[in-house]
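So the sequence lines, in the order shown, correspond to chains C and X. Count the first sequence with UniProt numbering and you get residues 1 to 203, in order. Count the second sequence with UniProt numbering and you get residues 1 to 213, in order.
Derived by calculation from the structure, the hints in this document are not laboratory data. Be careful, since some hints might not be right.
Just some of the chain X residues that point at chain C, by a computed CB distance under 7 Å [stated by the list, open to error]:
#, residue
1, R19
2, A23
3, G26
Ranges of calculated distance between the beta carbons of each label pair, as one might list FRET restraints [as the list claims (entries may be wrong)]:
#, chain 1, residue 1, chain 2, residue 2, range
4, X, I102, C, E32, 45 to 55 Å
5, X, R151, C, S177, 44 to 54 Å
6, X, L32, C, E32, 56 to 66 Å
7, X, A5, C, K198, 31 to 41 Å
8, C, A148, X, L41, 46 to 56 Å
9, C, E168, X, V136, 48 to 58 Å
10, C, S172, X, T96, 33 to 43 Å
In this text, a Cβ means the ideal position worked out from N, Cα and C, and glycines have one as well.
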Amino acid sequence: MQSEFLSRLMPRPSLDAARVSRERPARTAPDEWGQLMAAAQDGHGGAYRRLLAEMSAWLTRYFTRRLPAGEVDDAVQETLMAVHRRRHTYDPRFPFGPWLAAIAKNKWVDQLRSLARHPDGELSDDVAVGDHEASVVSTSVLATLLEALRPAQAQAILLVKVQGYSVEEASSRIGLSPSAVKMNIHRGLTRLTALIEKTPDVE
Amino acid sequence: MSNDALIAELSSGLAPVRRRSVAREGALLLALCGMELSLFLAMGAMRPDMNHAADSPYLMWRVGSLACLAVTACAVAIHSFSPAARTRPGLTLAGTLAAAAIVAGVFVAPSGTAHRALLDRLDPASGIVCATSIVVLSLPVMALLGALMRRAAPTEPRLSALAAGLAAGTCGAFVFAFCCPFNDPLYAVVWYSIGCGAVTAAARWCLPRRFRL
Numbered sequence: 001m002q003s004e005f006l007s008r009l010m011p012r013p014s015l016d017a018a019r020v021s022r023e024r025p026a027r028t029a030p031d032e033w034g035q036l037m038a039a040a041q042d043g044h045g046g047a048y049r050r051l052l053a054e055m056s057a058w059l060t061r062y063f064t065r066r067l068p069a070g071e072v073d074d075a076v077q078e079t080l081m082a083v084h085r086r087r088h089t090y091d092p093r094f095p096f097g098p099w100l101a102a103i104a105k106n107k108w109v110d111q112l113r114s115l116a117r118h119p120d121g122e123l124s125d126d127v128a129v130g131d132h133e134a135s136v137v138s139t140s141v142l143a144t145l146l147e148a149l150r151p152a153q154a155q156a157i158l159l160v161k162v163q164g165y166s167v168e169e170a171s172s173r174i175g176l177s178p179s180a181v182k183m184n185i186h187r188g189l190t191r192l193t194a195l196i197e198k199t200p201d202v203e
Numbered sequence: 001m002s003n004d005a006l007i008a009e010l011s012s013g014l015a016p017v018r019r020r021s022v023a024r025e026g027a028l029l030l031a032l033c034g035m036e037l038s039l040f041l042a043m044g045a046m047r048p049d050m051n052h053a054a055d056s057p058y059l060m061w062r063v064g065s066l067a068c069l070a071v072t073a074c075a076v077a078i079h080s081f082s083p084a085a086r087t088r089p090g091l092t093l094a095g096t097l098a099a100a101a102i103v104a105g106v107f108v109a110p111s112g113t114a115h116r117a118l119l120d121r122l123d124p125a126s127g128i129v130c131a132t133s134i135v136v137l138s139l140p141v142m143a144l145l146g147a148l149m150r151r152a153a154p155t156e157p158r159l160s161a162l163a164a165g166l167a168a169g170t171c172g173a174f175v176f177a178f179c180c181p182f183n184d185p186l187y188a189v190v191w192y193s194i195g196c197g198a199v200t201a202a203a204r205w206c207l208p209r210r211f212r213l
């Protein structure tokens with residue numbers, strides 16, 4: 001029943017989207033990004049600018065499949081800043097992809113935690129309820145993960161955090177009180193972050 | 001701020017950085033432990049019968065297993081400070097080593113200890129002093145590992161903190177093993193575990209606080 005509900009709200013991504021979801025930084029630019037980062041560590045600003053621009057595009061795709069649309073830009077910028085602060089920890093002898101993917105995953109979890117702390121937080125204007133295509137793409141990985149939650153938690157997260165309904169609207173659709181909806185969002189997102197942290201490679 | 005503006009800001013006036021080196025961090029940790037042990041022994045804290053006890057199986061077991069555990073835990077902790085590192089397998093290895101060391105302790109007990117009463121063997125008054133000494137001796141190592149952790153990029157900070165606590169606790173216990181006059185393995189297992197456990201719990205609670213990549 002939960003899968004039915006999820007597929008009604010967010011149909012499975014198309015083949016193209018699935019192909020994109022398997023994309024990783026190591027496959028797109030295995031050594032080049034590592035070389036650019038090594039140059040950036042030596043103070044080469046041009047190489048760093050190019051690396052950040054390419055990473056930004058990859059991160060946007062990464063977070064688009066994992067977070068509600070309104071959270072993607074924040075997550076991308078948080079990750080870019082984390083990469084900047086921790087750039088000295090990259091070892092050029094190893095591939096750059098896993099290094100970046102680990103930081104991106106950490107920021108994904110941070111962003112979900114921040115959503116859990118504000119279950120009724122206002123969403124930005126770019127989360128359009130009617131933008132069905134965006135919501136399909138935006139949550140392809142999230143949809144799979146939500147299946148691990150209790151149905152009431154998954155429904156509350158989908159309606160409020162993904163579809164952009166208010167807590168009151170979601171409560172009348174689900175048939176629960178607004179405080180129960182908030183609690184389900186908080187507990188669901190907390191469980192989701194724990195699940196992601198325990199899973200070594202979420203795709 | 002747009003992504004482009006952020007990228008322009010981050011890449012303008014970029015300064016070179018000194019790359020993190022696992023070997024340098026390991027050497028720092030080794031130097032600190034060595035210095036602590038030297039200072040401790042120079043203060044005259046070494047057990048008085050060390051000349052006779054040095055080749056006894058119970059002292060060799062205690063010092064050897066603690067050295068092995070300390071090296072493993074320090075390696076796991078330093079390795080875990082890399083973003084792509086997996087900490088759980090290392091912690092499992094350290095736990096297995098600790099269990100093996102405890103089991104090995106059964107075979108090195110000095111003769112006559114098995115007949116003594118349990119409370120007599122544990123000697124809680126001295127045990128509390130031993131556990132407290134281990135906690136105090138582990139503080140410098142914990143501080144160093146905490147600083148290294150904050151400067152690095154652990155993506156599993158709670159597990160890294162656990163590994164750092166275990167490393168600090170076993171280093172403290174290793175230094176203390178040279179002065180502890182008790183030979184009973186049961187005493188060592190109970191009170192050293194309590195000391196190491198307290199340090200690990202404190203590190204797990206303190207080190208990840210306010211940590212953000």
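Status of each hint after checking the structure:
1. Evaluation of the R19 of chain X hint against chain C yields a held restraint, the C-beta minimum of about 6 Å falling below 7 Å.
2. Because the smallest distance between the Cβ of A23 of chain X and any Cβ of chain C comes to about 11 Å, over 7 Å, the interface hint for this residue is violated.
3. Using the Cβ-Cβ criterion of 7 Å, the hint placing G26 of chain X at the interface with chain C is not satisfied: the shortest such distance is roughly 14 Å.
4. For I102 of chain X and E32 of chain C, the Cβ-Cβ distance of about 50 Å falls inside the hinted range of 45 to 55 Å, so the restraint holds.
5. Taking the beta carbon of each, R151 of chain X and S177 of chain C are about 47 Å apart, inside 44 to 54 Å as hinted.
6. Between L32 of chain X and E32 of chain C the beta carbons are some 39 Å apart, a value that contradicts the proposed interval 56 to 66 Å.
7. Restraint check, A5 of chain X to K198 of chain C: a C-beta distance of roughly 36 Å satisfies the suggested window 31 to 41 Å.
8. Take A148 of chain C and L41 of chain X: their Cβ atoms lie about 55 Å apart, and the range 46 to 56 Å holds.
9. Checked against the given bound of 48 to 58 Å, the beta carbons of E168 of chain C and V136 of chain X, roughly 56 Å apart, stay inside it.
10. Checked against the given bound of 33 to 43 Å, the beta carbons of S172 of chain C and T96 of chain X, roughly 54 Å apart, lie outside it.
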